[in-house]
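Following the hints, position chain L against chain Z.
Protein sequence lines, in the order shown, are assigned to chains Z and L. Positions in the first sequence are counted from 1; adding 22 to them yields the working numbering. Positions in the second sequence are counted from 1; adding 1 to them yields the working numbering.
The set of hints was computed from the structure by calculation and includes no laboratory data. Mixed in with the good hints, there may be bad ones.
[Said to hold, decoys possible] Derived pair list, reagent style SDA-like, types lysine to any residue, alpha-carbon separation capped at 20 Å:
(1) Z/Lys-56 with Z/Asn-321
(2) Z/Lys-261 with L/Arg-262
(3) Z/Lys-310 with L/Gln-220
(4) Z/Lys-310 with L/Ile-236
(5) Z/Lys-191 with L/Arg-262
(6) Z/Lys-310 with L/Arg-262
(7) Z/Lys-191 with L/Leu-225
(8) L/Lys-91 with L/Lys-105
(9) L/Lys-238 with L/Glu-173
(10) L/Lys-187 with L/Glu-109
(11) L/Lys-187 with L/Lys-238
(12) L/Lys-266 with Z/Pro-256
(13) Z/Lys-191 with L/Phe-263
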Amino acid sequence: MDTLDHKEVINLLLQLSSILILARVLAELARKFKQPAVIGEIFAGIILGPTILGNFFPGAHEYLFGAHEMTNIAFDGFVQISVVLLLFIAGLEVELHIVWSQGKKALYIAVASMILPIIAGFVVAYAFPEFLGVNINDRIVASTFFGLAISITGLAIVARILMDLNLFKTSSGLLIIAGAMIVDVIGWLIFSVILSLSESGSDGLGVWPTIGLTLLFTLVMLTVGKGLINRVLPWINKKMAWPGGLLSLSLALCFLAASFTEFIGIHAIFGAFIIGVALGDSEYLTEKAKEILHQFINNIFAPIFFVSIGLKVNFITGFDPGIVGVVIIVGLVTKYYGAYFGGRLAGIPRKESIVAGIGMSTRGSMDIVLGLIALETGLVSEPLFIGLVILAIIASMSAGPLLGWARNLKV
Amino acid sequence: MDIARDKWSCYIIIVQTGKIRLFKGHSILKMYKKVALAIAFSPRMEALISESKRLVQLFGSDLILIHIGKKTDELETELDEIIIKTGLDKLKTKLIWKEGKPVKMIIEACKEENADLLVAGALKREGFLTYYMGSVGRKIIRKAPCSVLTLIEPRVGSTIFEKIVINGTQLEITPNVIEVGINFSKKIKAEQVHILNEIKMYGLQMGTASEDSEEEASQTRRQLVQNEMEYVQEIMKNIDAGDLKLNIKVTGGRWAVELARFCEKIEADLLVVGDDHKLNFFDRIFPHDLEDLLSTLPCNLLIVKN
Numbered sequence: 023m024d025t026l027d028h029k030e031v032i033n034l035l036l037q038l039s040s041i042l043i044l045a046r047v048l049a050e051l052a053r054k055f056k057q058p059a060v061i062g063e064i065f066a067g068i069i070l071g072p073t074i075l076g077n078f079f080p081g082a083h084e085y086l087f088g089a090h091e092m093t094n095i096a097f098d099g100f101v102q103i104s105v106v107l108l109l110f111i112a113g114l115e116v117e118l119h120i121v122w123s124q125g126k127k128a129l130y131i132a133v134a135s136m137i138l139p140i141i142a143g144f145v146v147a148y149a150f151p152e153f154l155g156v157n158i159n160d161r162i163v164a165s166t167f168f169g170l171a172i173s174i175t176g177l178a179i180v181a182r183i184l185m186d187l188n189l190f191k192t193s194s195g196l197l198i199i200a201g202a203m204i205v206d207v208i209g210w211l212i213f214s215v216i217l218s219l220s221e222s223g224s225d226g227l228g229v230w231p232t233i234g235l236t237l238l239f240t241l242v243m244l245t246v247g248k249g250l251i252n253r254v255l256p257w258i259n260k261k262m263a264w265p266g267g268l269l270s271l272s273l274a275l276c277f278l279a280a281s282f283t284e285f286i287g288i289h290a291i292f293g294a295f296i297i298g299v300a301l302g303d304s305e306y307l308t309e310k311a312k313e314i315l316h317q318f319i320n321n322i323f324a325p326i327f328f329v330s331i332g333l334k335v336n337f338i339t340g341f342d343p344g345i346v347g348v349v350i351i352v353g354l355v356t357k358y359y360g361a362y363f364g365g366r367l368a369g370i371p372r373k374e375s376i377v378a379g380i381g382m383s384t385r386g387s388m389d390i391v392l393g394l395i396a397l398e399t400g401l402v403s404e405p406l407f408i409g410l411v412i413l414a415i416i417a418s419m420s421a422g423p424l425l426g427w428a429r430n431l432k433v
Numbered sequence: 002m003d004i005a006r007d008k009w010s011c012y013i014i015i016v017q018t019g020k021i022r023l024f025k026g027h028s029i030l031k032m033y034k035k036v037a038l039a040i041a042f043s044p045r046m047e048a049l050i051s052e053s054k055r056l057v058q059l060f061g062s063d064l065i066l067i068h069i070g071k072k073t074d075e076l077e078t079e080l081d082e083i084i085i086k087t088g089l090d091k092l093k094t095k096l097i098w099k100e101g102k103p104v105k106m107i108i109e110a111c112k113e114e115n116a117d118l119l120v121a122g123a124l125k126r127e128g129f130l131t132y133y134m135g136s137v138g139r140k141i142i143r144k145a146p147c148s149v150l151t152l153i154e155p156r157v158g159s160t161i162f163e164k165i166v167i168n169g170t171q172l173e174i175t176p177n178v179i180e181v182g183i184n185f186s187k188k189i190k191a192e193q194v195h196i197l198n199e200i201k202m203y204g205l206q207m208g209t210a211s212e213d214s215e216e217e218a219s220q221t222r223r224q225l226v227q228n229e230m231e232y233v234q235e236i237m238k239n240i241d242a243g244d245l246k247l248n249i250k251v252t253g254g255r256w257a258v259e260l261a262r263f264c265e266k267i268e269a270d271l272l273v274v275g276d277d278h279k280l281n282f283f284d285r286i287f288p289h290d291l292e293d294l295l296s297t298l299p300c301n302l303l304i305v306k307n
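The shape of chain Z in the complex, shown without the other chains:
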């Protein structure tokens, strides 16, 4: 087996330490301005990547990120693991019993807040593929993807904002949380299907077998899989070191599920997400364990991923104000009105529907993961991906003040 040489090891360690240090510094800065850490982490990537460091200090940038090919491959391994783990905790955040307890109202809001952006996004991207930069050879899949990318809600971000505003446990708060959970599940289901269609093309399984396999995997994991987890977890909690045993084995399970879905032709991240949902819904995974997993992944692997975005994309040369403008306007307007009308359809009062509309428009986590995978798969161009990142930044920064304003509305 090939190993990294002395210089490559030093280079990899320097990469990781510079990423974690700058991500932490900017996350702290974001915190000072009451903004989510992810915004600071994205900016850390922009500073370390070709946009700033590469532009103003090309030598330093080359030394850190361009000198050793093997190091970059090793670093990419870290990024891949980070994405899988991010999806794993995104799954852990989905609590099916909260979704059930919110019932039809949450379903209406979630589905409507997805349908409108997906349709609008699809129409815009299908009509102007060259302008937006979606893959013209894979027009239908790429257009659907664009619609989907602007329809995702950032669950972790909105949870934090609702907590800060003391809205988390209110009926509106729980409705938004449950809605965001439903969006996550539906979003990843659709994304897995369209991604495998795009990757496999005519040689793949085809539309219906892929959809069938994805649904079957989901259903089996959430019933039989969860049943098995419920049998094994008590034994792990009782007989093994805590939380050591639980942490290592739950991550092992996550990687196993991710490799399985990758093997059967659905993207690895989907396996990680669904196993996260199954594990998180188990009554034997204690809230303390969830907290530890959150802290461990959010503070080590999430920064690596979000910084890596800036390393891959040049935000100056790739910036296209027209595309960014369209993405932001279509994204914000359709998501808000989708959720708002969904709320009204479900019989939710106007003010609460406005709050739900703003809450559901929050982005800044899974949508970026989704965008990056689409960029790497060749579904979208760099300018469109930059548009999606800027949409995520604007949506997550504005959600707090807007929700604060909406809850005091007198309508």
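Using the frame of chain Z, we list chain L on its own:
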């Protein structure tokens, strides 16, 4: 289905309770007015009649005995003998004989008698198939127009409810559940009453709080616990707990699971929970909340409905 063969419930006792009314901030618990028992003539019938007799005496109620099935002289004689043996007051006992589907008929009887508490005998363990298809007892609990008291081990000598646990988790029905639980506890002179609260999505909340400093995260943790305590205390302001020993406990897990664990740990005699929505088949595929409790039945269960 013959209700005598149903694992969950051989007998159903329907207790007419007085509704709790709020009057100038004070709750008044009227005595139970009627008790009805669906009879299936199986070994635990006598124990359940004994239990219902205690409730009848405690709450000053009438008793209605229901049999779903054919009325025969033999069964009538057998029932007469049991009524005499258990010492039920014949003047305050009414007999109803109905033919048809057990669940439908029992629910119908509940409605006709305008009952708002239904007492059911239940077995702790259920088979896989029964769980997914639903048993008579389960269906009755879900469809009952009134509250349901489920007894897992009815005794001829009557169960003594010493330790009572009430679900105080923030739900729409919770103020009512706490009120009913406290008044019930007072009436049966319970020794200990625990109100258990769940911090919703504790892991997610504390996970996002990990972006804060240690001090801020600790403050968030304290605040989450404090919010739950204040929620129960606010409800308790309008309830007279009398001499009851009350204990408010806050947990971070899912309420149904935590309640079941807590009840088993302290060997509770009765768990009081609310039910404000109709369960469907999906609730069984992805069991949650009340379904979790119905599948584990950690102790006797009082399910309060609005």
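Going down the list of hints, with the structure as the test:
1. Z/Lys-56 with Z/Asn-321: 17 Å, holds
2. Z/Lys-261 with L/Arg-262: 19 Å, holds
3. Z/Lys-310 with L/Gln-220: 16 Å, holds
4. Z/Lys-310 with L/Ile-236: This hinted pair is violated, its Cα atoms lying about 28 Å apart.
5. Z/Lys-191 with L/Arg-262: 24 Å, violated
6. Z/Lys-310 with L/Arg-262: Holds, at roughly 16 Å.
7. Z/Lys-191 with L/Leu-225: 10 Å, holds
8. L/Lys-91 with L/Lys-105: With a Cα-Cα distance of about 27 Å, the restraint between L/Lys-91 and L/Lys-105 is violated, given a limit of 20 Å.
9. L/Lys-238 with L/Glu-173: 17 Å, holds
10. L/Lys-187 with L/Glu-109: 31 Å, violated
11. L/Lys-187 with L/Lys-238: Status holds; Cα separation ~16 Å.
12. L/Lys-266 with Z/Pro-256: Since the Cα atoms of L/Lys-266 and Z/Pro-256 sit roughly 16 Å apart, the hinted pair holds (cutoff 20 Å).
13. Z/Lys-191 with L/Phe-263: Violated, because 24 Å separates the two Cα atoms, which is more than 20 Å.
The earlier numbered hints that this structure contradicts are 4, 5, 8, 10 and 13.
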